[in-house]
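Asks: Going line by line, the protein sequences match chains A and B. Letter by letter, the first sequence follows residues 1 to 333 of the working numbering. Letter by letter, the second sequence follows residues 1 to 282 of the working numbering.
Keep in mind that the hints were calculated from the coordinates and are not lab data. Among the clues, some could well be false.
[What the hints assert, rightly or not] Think about it this way: if two alpha-carbon atoms lie no more than 20 Å apart in a straight line, the pair counts; the simulated DMTMM-like pairs of lysine to aspartate or glutamate are:
id, chain 1, residue 1, chain 2, residue 2
1, A, LYS261, A, GLU171
2, B, LYS275, B, GLU255
3, B, LYS33, B, GLU278
4, B, LYS172, A, GLU328
5, B, LYS172, A, ASP68
6, B, LYS205, B, ASP194
7, B, LYS205, B, ASP190
8, B, LYS33, B, GLU63
9, B, LYS145, A, ASP68
10, A, LYS314, A, GLU324
11, B, LYS65, B, ASP194
12, B, LYS145, A, ASP45
[Stated by the list, open to error] Per label pair, the in silico range of CB-to-CB distance:
id, chain 1, residue 1, chain 2, residue 2, range
13, A, GLY196, B, SER36, 13 to 21 Å
14, A, GLU288, B, GLY191, 24 to 32 Å
15, A, VAL138, B, LYS65, 43 to 51 Å
16, B, LYS65, A, THR198, 43 to 51 Å
17, B, ARG60, A, PRO153, 27 to 35 Å
18, B, GLY105, A, ALA44, 36 to 44 Å
19, A, PRO200, B, ASP195, 54 to 62 Å
20, A, VAL138, B, ALA192, 39 to 47 Å
21, A, HIS177, B, ALA192, 54 to 62 Å
22, A, GLU304, B, GLN103, 26 to 34 Å
23, B, ASN189, A, ARG23, 40 to 48 Å
24, A, THR198, B, LYS172, 34 to 42 Å
25, A, THR198, B, GLY191, 44 to 52 Å
26, A, ASN43, B, GLY191, 47 to 55 Å
These numbers were taken from a predicted model, which means no experiment stands behind them. Think of the CB as a built atom: it goes at the ideal place given N, C-alpha and C, for glycine as much as any other residue.
For reference, the chains in residue letters:
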Amino acid sequence: MSKTDAPTHAPAASAAGAPERMRASIPTRRAFSEALVQYGETNADFWVLESDIGKSTYTYLFGEAYPDRYYNLGIAELGTFATAAGIASSGRSVVVAGYGVFITMRALEAIRSFIAYPNLDVKILSSHGGITAAIDGVTHQATEDIGTMSAIPGMRVLCPSDTASARACVETSFSVHGPVFTRLMRDPLFDIYSSGETFPFGESKTVRTGSDVTIVSYGDIVFQALEAAEQLATTGTSAEVIDLYSIKPYDRDGVLRSIRKTGALVVAENHQARNGVGYELAHLSLTEHPVPFRNLGLQDTFAESGAYQSLIEKYGISAHHIVEAANEVVAAK
Amino acid sequence: MTSAVTGISKEKVSELREHARQIRLHVLEMVFKAQSGHIGGSFSEADLMAALYWHILRVRPDEPKWSERDRFILSKGHACPGLYATLALKGFYPIETLWTLRQFGSPLQGHPVIKCPGIDMTTGSLGMGFAIATGIALEAQRSEKSYDVFTLLGDGEINEGIIWEAAGTANKYALNNFVAIVDRNTVQNDGACDDIMPMEPIDEKFQSFGWTVEKIDGHDMEQVVAALERGRAHQAGPYCIVSYGAKGKGVSFMENDAYWHGKAPTPEQFEAAKKELEEAAE
Chain A
1 MSKTDAPTHA PAASAAGAPE RMRASIPTRR AFSEALVQYG ETNADFWVLE SDIGKSTYTY
61 LFGEAYPDRY YNLGIAELGT FATAAGIASS GRSVVVAGYG VFITMRALEA IRSFIAYPNL
121 DVKILSSHGG ITAAIDGVTH QATEDIGTMS AIPGMRVLCP SDTASARACV ETSFSVHGPV
181 FTRLMRDPLF DIYSSGETFP FGESKTVRTG SDVTIVSYGD IVFQALEAAE QLATTGTSAE
241 VIDLYSIKPY DRDGVLRSIR KTGALVVAEN HQARNGVGYE LAHLSLTEHP VPFRNLGLQD
301 TFAESGAYQS LIEKYGISAH HIVEAANEVV AAK
Chain B
1 MTSAVTGISK EKVSELREHA RQIRLHVLEM VFKAQSGHIG GSFSEADLMA ALYWHILRVR
61 PDEPKWSERD RFILSKGHAC PGLYATLALK GFYPIETLWT LRQFGSPLQG HPVIKCPGID
121 MTTGSLGMGF AIATGIALEA QRSEKSYDVF TLLGDGEINE GIIWEAAGTA NKYALNNFVA
181 IVDRNTVQND GACDDIMPME PIDEKFQSFG WTVEKIDGHD MEQVVAALER GRAHQAGPYC
241 IVSYGAKGKG VSFMENDAYW HGKAPTPEQF EAAKKELEEA AE
């Protein structure tokens with residue numbers, strides 16, 4: 001494990017009792033890049049573009065394995081994405097790596113107008129999603145990325161929660177033609193899935209079944225949701241936890257089936273509450289099957305530098321916040 | 001008799017000048033009929049477009065996606081009436097298509113899109129097309145493809161920071177197959193380029209980024225052809241042609257006036273401009 005992989009926080013209080021095997025040894029950004037190297041062995045045509053953070057996104061591993069297919073265009077995210085559009089317009093698939101804020105804000109227009117609009121085959125490795133970029137502070141915490149990317153026509157959005165799902169998302173990304181955005185984390189957190197499991201577009205993982213309340217999450221907060229479900233069980237509330245790793249397209253039928261069963265919904269996400277998955281599922285519920293609903297995410301605020309656990313506590317997306325929200329919606333039924 | 005500047009005949013020079021005049025006439029009519037579109041930059045680029053499409057670029061109008069075609073990216077996408085007229089006159093689609101400019105259902109969108117015959121890539125947001133063209137050239141060079149990549153920029157467009165990001169990329173990878181032309185018509189949307197955001201010396205800026213640069217009179221067809229030929233033949237990195245000219249070139253009351261960046265003519269102005277362009281026949 002390299003120095004940059006070291007967890008920047010003490011083990012989560014709520015996770016203190018978690019078995020050691022659930023601690024991830026590498027962050028999802030690294031898992032994705034390692035899988036990219038592997039995928040590149042049998043798929044020899046695609047290129048990888050970087051903007052001088054290859055040692056952080058771990059795409060440097062791809063560059064070491066395939067130097068002729070790796071292009072570092074310097075600290076120039078907008079130019080890098082527009083150049084990727086040109087390459088992809090010639091029929092060559094491209095992976096572009098970077099940090100979420102720079103990708104989804106600085107390079108947003110190139111992604112929208114010149115990658116998504118012409119429907120070019122560009123896959124985006126987006127690290128530092130949400131406040132998992134904890135100690136780096138607000139400039140490096142992508143807390144609007146899911147909303148921004150989801151709003152672009154034709155863009156597909158993935159957010160794996162652990163090592164195995166991050167690795168699998170490489171194959172998922174390449175299973176379709178067209179742009180795919182994959183949100184990844186800065187730091188290693190916890191592992192949930194075993195390797196070999198697949199993560200197709202438009203599906204979800206019910207990581208715990210329950211009957212009283214549905215908790216939908218994605219990425220790092222899936223673990224908090226599982227912790228919350230454990231705690232809810234001790235007070236007799238049966239929570240179903242859905243990992244909505246495929247954010248766009250998402251498993252509409254799966255979510256509907258679950259809320260029809262439980263009659264209550266909590267969405268918890270490491271993102272601004274506004275324009276996130278919570279808004280999407282509130283729309284679904286209001287349209288198809290209204291149920292008591294709570295939406296946990298950043299409440300129209302920026303975060304700050306700090307340990308990951310301190311931040312998810314302060315900004316209301318840790319396990320005990322999910323427990324409180326679940327109890328409220330169950331009581332409101 | 002051949003030109004002293006380039007190897008092409010005087011007759012060929014006259015033919016190219018006539019193509020440029022036809023491009024301007026069709027631009028005028030399409031923008032008048034649509035009552036929308038960018039005449040000024042389409043007129044300043046007309047001589048360049050004629051030289052590119054009737055002398056330089058290897059393209060097949062009956063096979064627009066021919067894989068070995070030279071690529072042309074109009075980075076100053078708003079000047080697409082000039083490109084649309086060129087493509088119609090060249091035979092990529094019927095002349096009648098021009099009269100659908102910016103209308104519902106037309107392939108001739110307000111700014112160019114890749115699905116239109118003859119358009120190699122969507123452009124329209126200034127600066128982006130240049131980086132896109134850099135990517136196309138990089139891909140072609142590394143894949144040992146035979147075609148060359150030409151892109152046309154506006155002089156106002158080079159205000160954009162992405163221009164200099166991509167200029168660095170083209171230099172880093174020594175893109176021998178890449179020619180950029182800056183349409184130095186000296187006027188941008190809000191006024192004179194030198195007032196809005198001075199960019200001179202443009203040649204030295206590109207030179208300092210590792211490009212080989214030459215300056216030409218962009219309305220002297222012999223100079224245009226010679227520069228494009230030198231750019232294509234150049235094998236020591238990317239090549240830039242700074243093409244000095246006049247916005248609105250060809251119609252006296254439109255020349256060098258920012259008003260004609262994006263305004264459509266009235267019926268009286270249309271008739272006056274048409275008359276001037278018709279009388280310019282050689």
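Asks: Decide, hint by hint, whether the structure agrees.
Replies: Hint by hint, here is what the structure shows:
A hinted pair counts as satisfied when its Cα atoms are at most 20 Å apart, and A:LYS261 with A:GLU171 does not qualify at roughly 32 Å. Restraint check for B:LYS275 and B:GLU255: the C-alpha separation of about 15 Å stays at or below 20 Å, so the hint holds. In summary, the hint linking B:LYS33 to B:GLU278 is supported, as the alpha carbons are separated by about 18 Å, within the 20 Å threshold. Under the criterion of a C-alpha separation no larger than 20 Å, the hint pairing B:LYS172 with A:GLU328 is inconsistent with the structure, at around 59 Å.
Between B:LYS172 and A:ASP68 the CA atoms are separated by roughly 14 Å; this keeps the pair inside 20 Å, and the hint holds. At roughly 15 Å between alpha-carbon atoms, B:LYS205 and B:ASP194 fall within 20 Å of each other, so this suggested pair holds. For the suggested pair B:LYS205 and B:ASP190, the alpha carbons sit about 23 Å apart, so the restraint of at most 20 Å is broken. For the proposed pair B:LYS33 and B:GLU63, the alpha carbon gap of about 29 Å is over 20 Å, so the pair is violated.
Between the alpha carbons of B:LYS145 and A:ASP68 the distance comes to roughly 16 Å, so the proposed pair stays at or under 20 Å and holds. Note on A:LYS314 and A:GLU324: the hinted pairing holds, with a Cα-Cα distance of about 15 Å set against a maximum of 20 Å. Restraint check for B:LYS65 and B:ASP194: the C-alpha separation of about 39 Å exceeds 20 Å, so the hint is violated. Between the alpha carbons of B:LYS145 and A:ASP45 the distance comes to roughly 15 Å, so the proposed pair stays at or under 20 Å and holds.
Restraint check, A:GLY196 to B:SER36: a C-beta distance of roughly 57 Å breaks the suggested window 13 to 21 Å. About 55 Å separates the C-beta atoms of A:GLU288 and B:GLY191, a value inconsistent with the hinted range of 24 to 32 Å. Checked against the hint of 43 to 51 Å, the pair A:VAL138 and B:LYS65 passes, with Cβ atoms roughly 46 Å apart. Checked against the given bound of 43 to 51 Å, the beta carbons of B:LYS65 and A:THR198, roughly 35 Å apart, lie outside it.
Look at B:ARG60 against A:PRO153: about 32 Å separates their beta carbons, and that is inside 27 to 35 Å. The hint said 36 to 44 Å for the Cβ distance between B:GLY105 and A:ALA44, and at roughly 41 Å that hint holds. As the Cβ distance of A:PRO200 to B:ASP195 is approximately 56 Å, the hint placing it in 54 to 62 Å holds. Separated by about 41 Å at the C-beta atoms, A:VAL138 and B:ALA192 satisfy the suggested range of 39 to 47 Å.
Take A:HIS177 and B:ALA192: their Cβ atoms lie about 46 Å apart, and the range 54 to 62 Å is violated. One distance hint, 26 to 34 Å for the beta-carbon pair A:GLU304 and B:GLN103, is violated here, with the actual separation near 52 Å. Take B:ASN189 and A:ARG23: their Cβ atoms lie about 57 Å apart, and the range 40 to 48 Å is violated. Judged by the Cβ atoms, the range 34 to 42 Å given for A:THR198 and B:LYS172 holds: they are separated by roughly 39 Å.
The hinted range of 44 to 52 Å is not satisfied by A:THR198 and B:GLY191, whose Cβ atoms lie roughly 58 Å apart. With their beta carbons about 51 Å apart, A:ASN43 and B:GLY191 fall inside the hinted range of 47 to 55 Å.
Consistency note: the structure conflicts with the earlier hints numbered 1, 4, 7, 8, 11, 13, 14, 16, 21, 22, 23, 25.
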